[in-house]
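Undergrad: One letter stands for each residue in the lines below.
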Amino acid sequence: MKKRRWISLLVENEIGVLARVSGLFSGKSYNIDTLSVGTTEDETVSRMTISFTSDDKTFEQVKKQLNRSVEVIKVVDFSDAPIHLKELMFIRVTSCSGDDKAEIFRITDVFGVKVIDCSRNTVLVESVQTEKRNNDLAGLLVKLFGGRVQIVRGGCVGIEALTITER
Amino acid sequence: MTGAELFVKALKAEGVRHLFAYPGGQAIDMFNALYGEKDIEVILPRHEQGLVHAADGYARATGKTGVCLVTSGPGATNLVTGIATANYDSVPLVCFTGQVPLGLMGNDAFQEVDIVGITRNICKYAVTVRKRADLGTVIKKAFYIAASGKPGVVVVDIPKNIQQEEGSSSYPEKIEIRGYKPNASVHMGQIKKAADMLNQAKRPVFLIGGGVNIARANDEMKRLAEASGVPVITTVPGKGAIPADHPLYVGNIGIHGSYAANSAVSECDVLFSIGTRFNDRITGRIDTFAKNAKIIHIDIDSASISRNIVVDIPIVADAKRAISALLERVEYKDREDWILHIDEWKKRHPLRMKKTEGIMNPEDIMRAINRNYKNAVITTDVGQNQMWATQFLDLDGGSKLLTSGGLGTMGYGLPAAIGAKLGCPEKEVVVVCGDGGMQMNVQELATAVCYELPMTVCILNNGYLGNVRQWQEMFYNRRYSSTCLRRRKCCDSACSDPNAECPPYVPDFVKLAESYGAKGIRVFKEEDIQAAFDEAKLNSKTPTIIEFIIEREVNVLPIVPVGNPLSDMYLEDPEV
Numbered sequence: 004m005k006k007r008r009w010i011s012l013l014v015e016n017e018i019g020v021l022a023r024v025s026g027l028f029s030g031k032s033y034n035i036d037t038l039s040v041g042t043t044e045d046e047t048v049s050r051m052t053i054s055f056t057s058d059d060k061t062f063e064q065v066k067k068q069l070n071r072s073v074e075v076i077k078v079v080d081f082s083d084a085p086i087h088l089k090e091l092m093f094i095r096v097t098s099c100s101g102d103d104k105a106e107i108f109r110i111t112d113v114f115g116v117k118v119i120d121c122s123r124n125t126v127l128v129e130s131v132q133t134e135k136r137n138n139d140l141a142g143l144l145v146k147l148f149g150g151r152v153q154i155v156r157g158g159c160v161g162i163e164a165l166t167i168t169e170r
Numbered sequence: 061m062t063g064a065e066l067f068v069k070a071l072k073a074e075g076v077r078h079l080f081a082y083p084g085g086q087a088i089d090m091f092n093a094l095y096g097e098k099d100i101e102v103i104l105p106r107h108e109q110g111l112v113h114a115a116d117g118y119a120r121a122t123g124k125t126g127v128c129l130v131t132s133g134p135g136a137t138n139l140v141t142g143i144a145t146a147n148y149d150s151v152p153l154v155c156f157t158g159q160v161p162l163g164l165m166g167n168d169a170f171q172e173v174d175i176v177g178i179t180r181n182i183c184k185y186a187v188t189v190r191k192r193a194d195l196g197t198v199i200k201k202a203f204y205i206a207a208s209g210k211p212g213v214v215v216v217d218i219p220k221n222i223q224q225e226e227g228s229s230s231y232p233e234k235i236e237i238r239g240y241k242p243n244a245s246v247h248m249g250q251i252k253k254a255a256d257m258l259n260q261a262k263r264p265v266f267l268i269g270g271g272v273n274i275a276r277a278n279d280e281m282k283r284l285a286e287a288s289g290v291p292v293i294t295t296v297p298g299k300g301a302i303p304a305d306h307p308l309y310v311g312n313i314g315i316h317g318s319y320a321a322n323s324a325v326s327e328c329d330v331l332f333s334i335g336t337r338f339n340d341r342i343t344g345r346i347d348t349f350a351k352n353a354k355i356i357h358i359d360i361d362s363a364s365i366s367r368n369i370v371v372d373i374p375i376v377a378d379a380k381r382a383i384s385a386l387l388e389r390v391e392y393k394d395r396e397d398w399i400l401h402i403d404e405w406k407k408r409h410p411l412r413m414k415k416t417e418g419i420m421n422p423e424d425i426m427r428a429i430n431r432n433y434k435n436a437v438i439t440t441d442v443g444q445n446q447m448w449a450t451q452f453l454d455l456d457g458g459s460k461l462l463t464s465g466g467l468g469t470m471g472y473g474l475p476a477a478i479g480a481k482l483g484c485p486e487k488e489v490v491v492v493c494g495d496g497g498m499q500m501n502v503q504e505l506a507t508a509v510c511y512e513l514p515m516t517v518c519i520l521n522n523g524y525l526g527n528v529r530q531w532q533e534m535f536y537n538r539r540y541s542s543t544c545l546r547r548r549k550c551c552d553s554a555c556s557d558p559n560a561e562c563p564p565y566v567p568d569f570v571k572l573a574e575s576y577g578a579k580g581i582r583v584f585k586e587e588d589i590q591a592a593f594d595e596a597k598l599n600s601k602t603p604t605i606i607e608f609i610i611e612r613e614v615n616v617l618p619i620v621p622v623g624n625p626l627s628d629m630y631l632e633d634p635e636v
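These protein sequence lines map, in sequence, to chains G and D.
Just so we're aligned: the first sequence equals residues 4 to 170 in the numbering used here.
Just so we're aligned: the second sequence equals residues 61 to 636 in the numbering used here.
Think of the hints as simulated: they come from the structure by calculation, not from any bench.
Take these hints with a grain of salt, some might be off.
Stated by the list, open to error - In silico DSS-like pairs for lysine-lysine, Cα to Cα no more than 30 Å straight-line:
{"no.": "1", "chain 1": "G", "residue 1": "66", "chain 2": "D", "residue 2": "393"}
{"no.": "2", "chain 1": "G", "residue 1": "60", "chain 2": "D", "residue 2": "252"}
{"no.": "3", "chain 1": "G", "residue 1": "67", "chain 2": "D", "residue 2": "407"}
{"no.": "4", "chain 1": "D", "residue 1": "253", "chain 2": "G", "residue 2": "67"}
{"no.": "5", "chain 1": "G", "residue 1": "5", "chain 2": "D", "residue 2": "407"}
{"no.": "6", "chain 1": "D", "residue 1": "234", "chain 2": "G", "residue 2": "67"}
{"no.": "7", "chain 1": "G", "residue 1": "31", "chain 2": "D", "residue 2": "241"}
{"no.": "8", "chain 1": "D", "residue 1": "354", "chain 2": "G", "residue 2": "67"}
{"no.": "9", "chain 1": "D", "residue 1": "72", "chain 2": "D", "residue 2": "252"}
{"no.": "10", "chain 1": "G", "residue 1": "60", "chain 2": "D", "residue 2": "585"}
{"no.": "11", "chain 1": "G", "residue 1": "77", "chain 2": "D", "residue 2": "407"}
{"no.": "12", "chain 1": "D", "residue 1": "200", "chain 2": "G", "residue 2": "77"}
{"no.": "13", "chain 1": "G", "residue 1": "60", "chain 2": "D", "residue 2": "72"}
{"no.": "14", "chain 1": "D", "residue 1": "241", "chain 2": "G", "residue 2": "60"}
{"no.": "15", "chain 1": "D", "residue 1": "351", "chain 2": "G", "residue 2": "6"}
{"no.": "16", "chain 1": "D", "residue 1": "407", "chain 2": "D", "residue 2": "585"}
{"no.": "17", "chain 1": "D", "residue 1": "393", "chain 2": "D", "residue 2": "351"}
{"no.": "18", "chain 1": "G", "residue 1": "66", "chain 2": "D", "residue 2": "407"}
{"no.": "19", "chain 1": "G", "residue 1": "77", "chain 2": "D", "residue 2": "380"}
{"no.": "20", "chain 1": "D", "residue 1": "252", "chain 2": "D", "residue 2": "262"}
{"no.": "21", "chain 1": "D", "residue 1": "460", "chain 2": "D", "residue 2": "407"}
{"no.": "22", "chain 1": "G", "residue 1": "31", "chain 2": "D", "residue 2": "354"}
{"no.": "23", "chain 1": "D", "residue 1": "252", "chain 2": "D", "residue 2": "282"}
{"no.": "24", "chain 1": "G", "residue 1": "66", "chain 2": "D", "residue 2": "252"}
Just so you know, these numbers come straight off a predicted model, no measurement behind them.
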């Protein structure tokens, strides 16, 4: 059955490793939904969070292929594990009237996110939430403000949960 | 010590005796450090593709890691096909490429290519050395990765400034790589389950791939077959896993496999496979493959298991280690009915080519190779010649077959034989190739002559790219599109009819051989085959090319058309 998968990779922090990992996906015709990468407490190690949609068989293949890459130190399967998973999103709305601004402030209150910057008629919203909740917020703002909305989204980053048992 | 000097020191520490190398501007410092070197023989082929195939043939024939050295840019890109060829067949190679100085990288400098980027997806590991201090460690890592686990190709790209820079002369003795831990054990619980399943089977077969040859587990495999009484079927790269004249050997599986082998796999109740990845060329239509069988799969690469077919008992292990463990647990079972059944298939449709009196067919040539060469290394090219070689060569008396099984690279045969002969000078070396593939690396005849490498090069000349022509004949209504090598400007672009009026073949392989200082013989008739091999054996200094003029439209049979189940094969040429 095809479903959304999440994996976290510990990899060597070297030139070409991102290309190796992403090339492995493209070479095998697996499509990446999101990928984010950054260094860890050990600066020689980077951690990637990757999500893609696949059936069980393909997912097993992906994990095995990643595992056998020399540059990949560890593959952690997040698919069914309790994890914290957040995505950063910026939304800018331009040509706002006073009412528009008030509306945006109300919406950000409801979603528990912040307006971090604001000019005479432009508002900038920062949202660090789950991917799904970011989708909801982005969808709502686009519905209300149409072509005046610009969106920048990063990939998700995830970490294993300590006490929670559901994602 | 300069980086180039450390490079030479590292090769010596790794026991490298032969280096396949072609110089160029960004590798000149490494060549300078090799000048006058007594412990390493530097072999200069005539083209980098010939070079890498030679290193590949050397590695397959000796079991040692093959080592290449080329310059940046075109030197490096000319390796690409050979890297993919070797890596696909799990051949250990370390390929050193010169690179423009670090400061110029990314600037589109003269002869700059991102060879690491180009080869990343066709090799086991590729890396650019970015600090002189890392050079020793990177080289150590390269040799370790290439030869351990599932062997493969490692590319080490060395910028010119690092070759020139002074630095430490130390070369590590051991290396730890945190992301790379090749499997070094075998799961005994799984082995026990597998042995139990095999012991209880009524109609079992072994399906043996190239992994057994790579692990050099041929003796163990023969003992395992004999200890269990289970018949053995091989893939093309697995050919020779046990001698082809062994009573338990059934034949090759696959689209050109034998009727008995394909039928046995289709009807077995336990398929015990070792070292094969169930490639599409061996399974036929996948949903009908061994459909009544429980499948046991041993492979060193966990990613090969349950990829193409679903497996009941997976075992990730080196073939030799796993077979040794199995030897302690398998029991001999008398399965007379099953063995007789297979013999019946063998008798009903033996692997024989149709014989027309007075006409020399490829089987006659292969049987002559069997008679004349024992304990030899035989390389093949790709296409019909390769299929006939894998169908009819016996590989008894310790003979070894080197063939591009996974990638199917034309032009492999001759250079691979050069590497094999350099690695095993005491062995006779034979090349089986077609007239098409021969021309893809024919320049390497010069290498064979210059290094005094006697070998017998058997060209099966039908004037066609025969394998594709066969498909065109069988499945494309005889539309011989771009497969005729005798075709000239004057020919009809829609020709499907080779005849006596066809233009003469070029080149004249006999004259070509002579122009290189090699020996050339042309054979038209079956009765002249033996005399040609006799003459070749007398030539102990240079290669002997025997050009066999075979029938133009002879086909490899049987054949399983693509999309058919394995058991549904053409045993004879279809009626036109």
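Undergrad: So, for every hint listed, does it hold in this structure?
TA: Taking the hints in turn, this is what the structure says about them:
no.	hint	in the structure
1	G:66 <-> D:393	39 Å, violated
2	G:60 <-> D:252	26 Å, holds
3	G:67 <-> D:407	43 Å, violated
4	D:253 <-> G:67	23 Å, holds
5	G:5 <-> D:407	48 Å, violated
6	D:234 <-> G:67	26 Å, holds
7	G:31 <-> D:241	23 Å, holds
8	D:354 <-> G:67	23 Å, holds
9	D:72 <-> D:252	43 Å, violated
10	G:60 <-> D:585	54 Å, violated
11	G:77 <-> D:407	53 Å, violated
12	D:200 <-> G:77	22 Å, holds
13	G:60 <-> D:72	45 Å, violated
14	D:241 <-> G:60	24 Å, holds
15	D:351 <-> G:6	28 Å, holds
16	D:407 <-> D:585	29 Å, holds
17	D:393 <-> D:351	23 Å, holds
18	G:66 <-> D:407	46 Å, violated
19	G:77 <-> D:380	28 Å, holds
20	D:252 <-> D:262	18 Å, holds
21	D:460 <-> D:407	27 Å, holds
22	G:31 <-> D:354	28 Å, holds
23	D:252 <-> D:282	20 Å, holds
24	G:66 <-> D:252	27 Å, holds
The structure fails hints 1, 3, 5, 9, 10, 11, 13 and 18 (numbered hints given earlier, in ascending order).
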